[in-house]
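Asker: This is what each chain is made of:
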Amino acid sequence: MAGILLVEDDPSVRTSLELALSRQGHTVTAYATGEEALDHVRARRPEIVILDVMLPGIDGVEVCRRIRRLDPLPVILLTARGDDLDIVVGLEAGADDYVVKPVEPRVLDARIRAVLRRLESASADRISFGDLVVDRGALKVTLGDREIHLTPTELRLLLELVRHPGQVLNRRYLLRAVWDHNHVADSRLVDACVQRIRAKIEPVPAEPAYIHTVRGFGYRFSPP
Amino acid sequence: MSIGSRRPTGLRGRLVITFVLVAVTASALVAGIGYQLVRRALLDRAETTALADVRDVLRRTSLPIGTTDLLWPQSVVTESDLNDLAGALGGPDRQVVLRYGDQVRLSSGARFGLDDVPATLRRPAGSRMAYQRRSINGEPWGLIATDVYRQTPTGIVRRTGMSVFVFVSLKEEDGVLSRLRTALAQASGITLAIALTVALVSARSVLLPVRRLGEAARALGAGRLDTRLPVHGRDELAGLTATFNDTASALERTVSELRALEAMSRRFVADVSHELRTPLTAMTAVTDMLTEEAERLPPDAGQAVEIVVREIDRLRVLVEHLIEASRLDSGTAVLVRENVDVGTALADALEIRGWTGRIRLDVPADLSFWLDPRRFDVIVANLMGNALHHGAPPVTVTARVLRSGLEVRVRDRGKGIPREAMPHVFERFYKAGAGRARSEGSGLGLAIAKANAELHGGTIRVEARDPGTEFVVWIPRP
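Residue numbers (UniProt numbering), protein chains in the order written: chain A, 1 to 224; chain B, 1 to 478.
Because the hints were derived from the structure by calculation, they are not lab data.
A portion of the hints provided could be inaccurate.
[Claimed, not checked] Only part of the chain A face toward chain B is listed, based on derived beta-carbon distances under 8 angstroms: (1) Leu19; (2) Arg23; (3) Arg66; (4) Glu104.
In this text, a Cβ means the ideal position worked out from N, Cα and C, and glycines have one as well.
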C-alpha cells in the first residue's frame with residue numbers, strides 16, 4: 001500500500017516487522033543503519049520512514065533530523081525505551097508520530113495510515129492572513145513570496161487550526177483530527193508539531209503571532 | 001525530643017548549682033572567719049583601753065575614801081568630791097555610776113542608774129575588775145564593774161566600800177563592724193554573681209559541644225549522613241565527638257553501599273526489561289500472522305500457537321509494567337497536567353480497550369479537571385481492568401468533583417477481596433489467594449495506579465462493599 005523505509009538494527013525485529021507490514025500490504029525496504037537509510041531517501045524517495053531510535057552509528061533522532069533537511073516526508077519513530085526524553089527529542093527533531101516497542105502490527109499499521117492519510121483538498125480556496133497564505137486547493141503554504149515546506153502532519157494541523165480561526169482547539173480534538181488517534185492521547189505530539197510549524201511560519205517563534213497557546217486548554221489560530 | 005531538650009538543661013542546672021554552692025560556701029567561710037577575728041580584736045581593744053583608763057583614774061584619785069585607818073582619817077567625802085571622780089571617770093562615750101556606802105552618784109548626763117547594772121556585777125567581786133558586754137535599749141555597751149581598794153600606809157590593801165560602774169559605749173565599734181558586715185555582704189554578693197557567671201560560662205563551654213553533638217545526631221537521624229563535627233582539644237568530649245564522626249562515616253558508607261546496591265538492582269530490573277523488549281517486539285510483530293495461520297494448522301499445533309501468542313501478550317504487559325514501575329521508582333516520571341474532560345477521558349479509556357458497554361459510566365457532563373491525561377488513563381484503566389477481570393458485572397464508574405479535588409469510584413459486584421488481602425492489594429506482585437496465582441494481571445497494575453495517583457499528590461484506597469469492591473481515587477486540585 002505504501003512504500004515504507006524501515007530502519008532497525010536488530011535483525012529479528014527488522015525481519016518480523018518487515019513480514020508483518022508486508023502482510024498488511026505495504027512495500028517495505030529495510031536497513032540496519034541510518035547511513036544506508038539516508039542514501040535510500042536521497043536515491044528513491046519512500047512514502048514514509050519507520051525509524052528505530054537506538055541505532056549503531058548515527059542514531060535515529062539524528063537520522064530524522066537529516067531526513068528533515070532533505071525532505072518533509074513523514075517519519076514514525078520506533079522507540080525501544082518508553083523514555084520520555086527520547087520521545088520529546090525525537091518529536092522536536094521532526095518526527096510525526098512515535099510508537100513504543102513492543103508494538104502490535106495493527107497499531108503500527110493504523111499509525112502509518114493516519115500519517116499518510118490523503119489531505120482533503122475539496123475546498124479549492126486560498127486564505128491569506130497577512131503574509132501567510134494557505135492554499136487549501138493546492139495544499140501549499142507561502143509566507144511572503146517564500147513557499148513553506150510542511151510535512152503532511154504539520155500541514156493537516158495548520159489546516160485544522162486555520163479552519164477554526166479565533167477558536168481554541170484542545171489537544172484531544174487535534175489528536176483525533178490530525179493524528180486520527182484512537183490510542184491514549186499524548187498531547188506532546190501536538191505541542192511538538194505546533195513548535196515545528198511555528199519555527200517555519202512565525203517571524204519570532206518565541207513570540208508567536210499566528211498560533212497562540214492557551215495554557216492547559218490547547219491552541220488558537222488568530223492571525224495578527 | 002523532650003528528653004533531648006531536657007537533659008542539657010538538667011546538666012547545666014546541676015553544674016551551676018554545684019559551682020555556686022562551692023563558691024558561696026567558700027566565700028561565706030572566709031568572710032565569717034575574718035569578721036569574727038576583726039570583731040574580737042576590736043572589742044578586745046575597746047575593753048583593754050576602757051579598763052586601763054578606769055584603772056588609771058582610780059589609781060590617781062586622792063579622795064578621802066575608806067575606813068578610818070586609811071589616808072584621810074575622819075575626813076568626810078563631800079558631794080563635790082564624788083562628782084569630780086564621776087566626771088574624771090566619765091567621758092563623751094562613757095557613763096559612770098558610783099556607789100559609796102548608801103550614796104549613789106551618776107556622771108553628768110548619765111541615763112543609766114544602778115538598776116542597769118546586773119545583780120551579778122553589783123556584788124563585790126574581789127579586787128579584779130569585771131567586764132561585760134550588754135545591749136541596753138538596743139545599743140551596745142561595755143560595762144566595767146569594780147570595787148575600789150586602797151593600800152594603807154602599813155601596806156595592807158583594804159576595801160574602801162566604793163564601787164564603780166562604768167558604761168563604755170561600743171557604738172563606734174559596732175558602727176565599724178556594721179560597715180564591715182555590709183562590705184562583706186556586698187563582697188559576697190559580687191562573689192555570688194561572679195560565681196554564677198563563671199558557672200554559666202563554664203557550663204556553656206561544657207554543654208555547647210554536648211548540644212552540638214545532640215544536634216548533629218538529630219541531623220544524622222534525619223538523613224543528613226554527611227554531618228560531621230570539628231574536634232577541638234583532647235578531652236572526653238573531643239573523644240566523644242571523634243567517635244561520633246567515625247560512626248557517622250561508617251553509617252554513611254554503609255547506607256551509600258546499600259543505596260548503590262538498591263540502585264543497581266533497580267537498574268538491573270530496568271535493563272532487563274529493556275533487553276526483553278527487543279525479542280518481544282520481534283515476537284509481537286508476528287503474533288497476528290501466527291494467529292491467522294493457526295486455523296490452518298493441525299489442532300495440536302494450532303493450540304500450541306495460541307498458547308505462545310497468549311503468553312507473549314502476557315509477557316508484553318508484564319514488561320511494560322516493569323518498565324513503568326522502574327521509571328516511577330527512579331523518580332524521573334514527570335507530571336504534565338492539562339484541563340481534561342473527565343467523562344471523555346473515561347470513555348476514551350474504555351473505547352481504546354474495547355470495554356465500551358461493559359462498564360457503566362456515571363459522570364456529570366462537562367466535568368473537567370486539571371490532571372495528566374496519560375497518567376489518569378493508566379490509573380482508571382488499571383482499576384477498570386481489575387474490576388472486569390476479578391470482579392463481576394455490573395461494573396460502574398462514577399466521578400465527581402469535591403471541594404478538595406476529583407474523586408473517581410470504580411465499583412464491581414463480585415465476590416470481593418478477602419479481608420486479609422485488603423491491606424496488600426497495592427503491593428507489587430501481591431496476588432490475592434492461590435486461585436488468582438494465574439491471573440491475567442502482571443501483579444503490578446494496582447501498584448502502578450497508586451504511584452500515578454500519588455504523583456498527582458492523590459491517593460487510591462480500597463473499600464469492601466456488599467457485594468463487591470470499590471476503589472476510590474482522589475486527586476487534589478493542583
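Asker: Which numbered conditions among the earlier hints are violated in the structure presented, ordered from lowest to highest?
Answerer: 3
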